[in-house]
Amino acid sequence: MNEDSTYTDLLIQYLDGELSGEELESFEKKLAESEVLRGELENLALAKQAVRRYGLKNEISLIHGEMIEDMKTKTLPRSPVRKMIFQYAFRVAAILIVLIGLSAVYQYLTVTPDKLFTENFHVFDLHETRGATGTNIENAYKKDDMEAVLLEFRQLKNPQAGDFFLAGNAFLTTHQPAKAVEAFDSVRQINQSHKTHIFEEDAEYYLALSYLANKEPARAYPIFEKIHADAAHPYNKEVSAWFLRKVNRLQER
Amino acid sequence: METRKLFTDSSLIQALRSEANPDEAIRYLYRTQYQLTEAYIKQNSGTPEDAEDIFQEVVLVFIEILRNDKFRGESSVSTFLYALTRNIWLNELKKRGKSKLRDEIFEKGKEKETMDVSYHIANRESKSRLMQLVDQLGENCKKILLAFYFENLAMKEILKQLKYDNEQVVRNKKYKCLKQLEQMIAREPGLAKTFKSSQLYE
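Chains as they are written, first to last, in the numbering used here: chain A, 1 to 253; chain B, 1 to 202.
I should point out that these hints are in silico values taken from the structure, not numbers from a laboratory. Treat the hints loosely; a few may be bogus.
[To be verified] So these bits of chain B aren't anywhere near chain A, every CB distance computed over 12 Å:
1) LEU6
2) LYS94
3) ASP165
[What the hints assert, rightly or not] Calculated lysine to any residue pairs in the SDA-like style (CA-CA distance at most 20 Å, straight line):
4) LYS179/B x GLY55/A
5) LYS70/B x GLN49/A
6) LYS196/B x LYS74/A
7) LYS174/B x LYS74/A
8) LYS74/A x TYR34/B
[Claimed, not checked] Per the computed footprint, the stretches of chain A lying under chain B, defined by three or more beta-carbons under 8 Å from a beta-carbon of chain B, are:
9) 8-18
10) 147-154
11) 198-212
Every residue gets a Cβ at the ideal spot worked out from N, C-alpha and C, and that includes glycine.
With the rest of the complex left out, here is chain B (with noise of 0.2 Å):
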């Protein structure tokens, strides 16, 4: 029998901050949340691939706001991500071109605001360009730096999984990706200026 583990708004907290073995938390979420993001998205002009989409990145965007500590914990999870939902969707109207829509629904939602997390969600589009930057460096690239950077794997892990001579040659490789994909970022100065102003990657 299948058995689903229930979270508190706590145990939630701790376990999305957890970069061990996050996944039971995230279906979680999926089960108490992405029906009310749904309803939400769907009320206001968007279509159900909207809200698989936004609910996609308000996760990460939550984990991540978890993982640098940004959460104050002054609202209930699901209040804080409702939040998010609403600033990432009327962003992604703007973005689209539909500011009028998007004022509208502003407007309407305005009483129900109980935080500003505009802050969070800065720097939407250069953060959807960097992750476009890593999908282009190579498979063999994005696995060494995703087991190191990511999964946090030792070098003697990684040498293990994609079978390289010595850990020497993975660290090389790793170093040249790394670089590889700061030389990216470099050719567009824009780009690392954007998060220099808003200080989000610390």
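Here chain A stands alone, though its shape is the one from the complex (with noise of 0.2 Å):
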């Protein structure tokens, strides 16, 4: 440590502003006299602008933080990109429920029994519901022959509820709706003398599709407005608020 470095306290003084009078003008001839002390007074007089400049900058930072978080919650969303996205968005929106719309007033209006028919139909599927009983008929109706179940139903001398409930599909099939309703008929009335209860809410359900597919919708309405009406019914799905009010409109016409 040389001589002028225990001047350090008068240094920092002096960049304090706290040297006045004799003291002050004693030391600035210390000053002018000295390269080290001018030296040491620089470092000190950047140190303290350093100084100044981190508190600044934290300063600086703190309203970064805040401001950056105010502007993300709320000038986001009022951002023309965004703005204009969420317009777009609810345009599309728009066009397709009037579309969806436009469409359910098409069918509604252009609704026929045949269209009805041909949208709802599924042939009953004896596989994943009655499994294998082993009489011809049953047979052909798992292979999907329909003509072998009509052949095997016609020999039939006294054929019984599940025999008539499968000619019936068959008949369906095959574009024979008059005879498929004899059919699902003849399955309720077997059920009825007998009090058995064979394919007895497949064959309602058959029996209206049948009544649809024989254009004959005011027979069908009652039978699905019962299903539509009853919850735990199986068929119930089938018949929605929609399905019922078209067949209605075709029993009125």
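Join the two chains, each given in its own frame, into one complex according to the hints.
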């Protein structure tokens, strides 16, 4: 440590503007004479300025965090691009709703028994719900050979409810709705007379479909209406309110 | 309901010059200038994070210029900030070794250049190094020096805030801390020399 460095305290006081009068005058003379002192003063001044910059930088950084957060939450939703995307999406959604509505109205106005039948008829799946019983008619039905089903059916001397039900499906598949109506109605009559429930609910639904296919919507409607009203009916979900309304329109024509 | 102060260029300059409470003026800069800076940086190969860093530096440099009475008022604040943004970003690209990109951006915006502010952003790296040195001080040292030199608090106030025994202890501590920082600077002669030649810190 040389003699000049002992002046550090005075240098700092000088830097902070705390010297005055003779003390200041005397120190300024010392400064003028010593390059080392002037160098130390410059470094101290730089240190002071660095502290001030550090403080300002921290202050800006705090405001920065606050403002960025603020802009993210407030200005983003108002940005023109987001607004445009929202408006565009809203317009597309509105157009879709209108198109769906128009399509529904079109479907409603142009509905025919054939169309409604074709859209809703699915041939009964014996494999899934009833299992194998092994009769000829059942085997033919499982093979999806409807001509063979009808052939076997005609050969039966005393067909049972199950036979009538499969024959009804075969008639529907082969576009013989009047005969299908007779077959499903026979299922109902046999069950009533024998107090059984063979294919009872299935036959009910398919009978209504057969009436549709046979262009007798007025007969189909009460059956569909009953299925729609009965939440426990296995075909309840097949008969929606919209479907029922379309059948109603057909029967009113 | 939230109220926001509106500034004219001259009231903005006055508020930023004031060391007492420039916060509202800084917020105003963010509300009016930040998105312009972000758009410029993003258009010129920068990321949103780059925009955040550059804007903070632009605000810092602008306030320093004002406080050192170096702003001559020959352009609007907005134009001046654009020039600062452009120069700092070009300098940053150069620092990152992207000189080719820097030259392309420089050429692209040359016709828009209304003033030379390069003088104000000289020694970016040296200033950054100085900040690192301050950061290396102990927490108590930083608190005392910031309270005295940045917040301009009187010794009595500092004594209340930092709970030292008496003012003399605070004074001694402040002396030691500033001396410590001075010695850190002295150990890097090139650093002090940079500032001496540019006389940016007066």
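Hint check results:
| no. | hint | in the structure |
| --- | --- | --- |
| 1 | LEU6 | 16 Å, holds |
| 2 | LYS94 | 22 Å, holds |
| 3 | ASP165 | 20 Å, holds |
| 4 | LYS179/B x GLY55/A | 18 Å, holds |
| 5 | LYS70/B x GLN49/A | 16 Å, holds |
| 6 | LYS196/B x LYS74/A | 45 Å, violated |
| 7 | LYS174/B x LYS74/A | 43 Å, violated |
| 8 | LYS74/A x TYR34/B | 14 Å, holds |
| 9 | 8-18 | holds (count 3) |
| 10 | 147-154 | violated (count 0) |
| 11 | 198-212 | violated (count 0) |
Comparing the model with each earlier hint shows violations of hints 6, 7, 10, 11; every other hint is respected.
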